Amino acid sequence: MELFDPLSGPARVAGRPHAHTLGRRQSRRRRKRHPQRPRRAYLRDRGRPDSSLGLAHRPRNPPGGQLAAARQDHHARRTLRRGRPRSRPQRRRAILKRRRGPRLHELHDESAVADSARDAAEPTVRLQGVSKRFGAKQAVYDLSLELYPGEVFAFLGPNGAGKTTTLKMTTGLLRSDTGSVTVCGCDMQTDGRAAKSCIAYVPDQPFLYDKLTGREFIRFACDMYGVSADEAAPRLAELTERLDMEPFLDQLSESYSHGMKQKVALAAALIHQPRLLVVDEPIVGLDPRTIRVIKDIFRERTAHGGTVFMSTHTLDVAEAIAHRIGIIHRGRLIALGTLDELRRNENEGRRLEDIFLLLTGSEPGAAEAVDG
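Numbering (our numbering), first residue to last: 1 to 372.
Don't read these hints as lab results, they were simulated from the structure. Treat the hints with care, as some may be off.
Stated by the list, open to error - Computed beta-carbon distance windows for the label pairs:
no. : residue 1 : residue 2 : range
1   : PHE134    : GLU231    : 21 to 27 Å
2   : THR190    : GLU246    : 42 to 48 Å
3   : ASP316    : GLY129    : 31 to 37 Å
What the hints assert, rightly or not - Simulated crosslink set (DSS-like; lysine-lysine; CA at most 25 Å straight-line):
no. : residue 1 : residue 2
4   : LYS168    : LYS261
5   : LYS137    : LYS168
6   : LYS261    : LYS295
7   : LYS168    : LYS196
8   : LYS137    : LYS211
9   : LYS168    : LYS295
Nothing here was measured: the structure is a model prediction, and the numbers come from that model. Ideal placement from N, C-alpha and C gives every residue a C-beta, glycine not left out.
All chains should be built: construct the whole structure from the sequences, respecting the hints.
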């Protein structure tokens, strides 16, 4: 029975621990000099001055010569650069790390680099003192917020806290009663057309035209945003493959499930490569594979300088991909910062779920914490 060790390399035979070296031993024996074979010239003439030997008779790698010294110097420099040689388990962990990619905490560490870039950039979204009232209900009260290029911003809150209202004011679907909304440097009230041209919005209940196929709806979105057919074709092909839309893309959308509608709506939103992607509950009704793809798409958008503004009740998703998190409660923004900042402000080591429940009054003692 052959056993294979990926770090050791060659296969070994069980019960014969040195069987893998037999070939090398035999080759060494075959290389032994026959008694009648003359010794090499440079060995026969060892001890004679170098000047008396021709270049053809000098050893290519003389022991103790310049080549050996260079090798020793190279290994010494490598040891200083890398530190002590790693053991086999350390090498194995390094190999697995390269294969699996960064862990979640490593992604959050990388967000610190994005923070410094964010400080020097103009915000993609600036909400200043916005408020919105529906009759006797104050949905949003004096909310100020800035979103920057290269970040995923997760907007959390209980049902009816004002998340969707804030998202609709950001996209221009609702006009704020007070304050101002600026998107991509354009005021939403005075220059709404220019502001909306760099936005894509996916609501929690995707709207599609029932008598259009998914492909026709995406082409309709291309026409609205001025994307030519030549530009749209490769983008649509990529999104179709990644979101697995090929089986239903040419069917009427009236036959779609919620998950199918969500995929088509997201593809239509991404087809013009918006600077700001606003998504309300992006993963509701989706299978785990599609959720993974959408998280990857969000990371790719921000890696190219885009901004993702999403509201969600799925705290695991916010904890995994969000660079910053905002928590809204009863129309007021009560917490804002990175996950590590929220942990430091509330309680070291708490999960995002615990912090959310504490701040929104769903945990004993939370009311005092919020009021204070």
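Evaluated hints:
{"no.": "1", "hint": "PHE134 / GLU231: 21 to 27 Å", "verdict": "violated (40 Å)"}
{"no.": "2", "hint": "THR190 / GLU246: 42 to 48 Å", "verdict": "holds (43 Å)"}
{"no.": "3", "hint": "ASP316 / GLY129: 31 to 37 Å", "verdict": "holds (32 Å)"}
{"no.": "4", "hint": "LYS168 / LYS261", "verdict": "holds (20 Å)"}
{"no.": "5", "hint": "LYS137 / LYS168", "verdict": "holds (17 Å)"}
{"no.": "6", "hint": "LYS261 / LYS295", "verdict": "holds (18 Å)"}
{"no.": "7", "hint": "LYS168 / LYS196", "verdict": "holds (12 Å)"}
{"no.": "8", "hint": "LYS137 / LYS211", "verdict": "violated (37 Å)"}
{"no.": "9", "hint": "LYS168 / LYS295", "verdict": "holds (22 Å)"}
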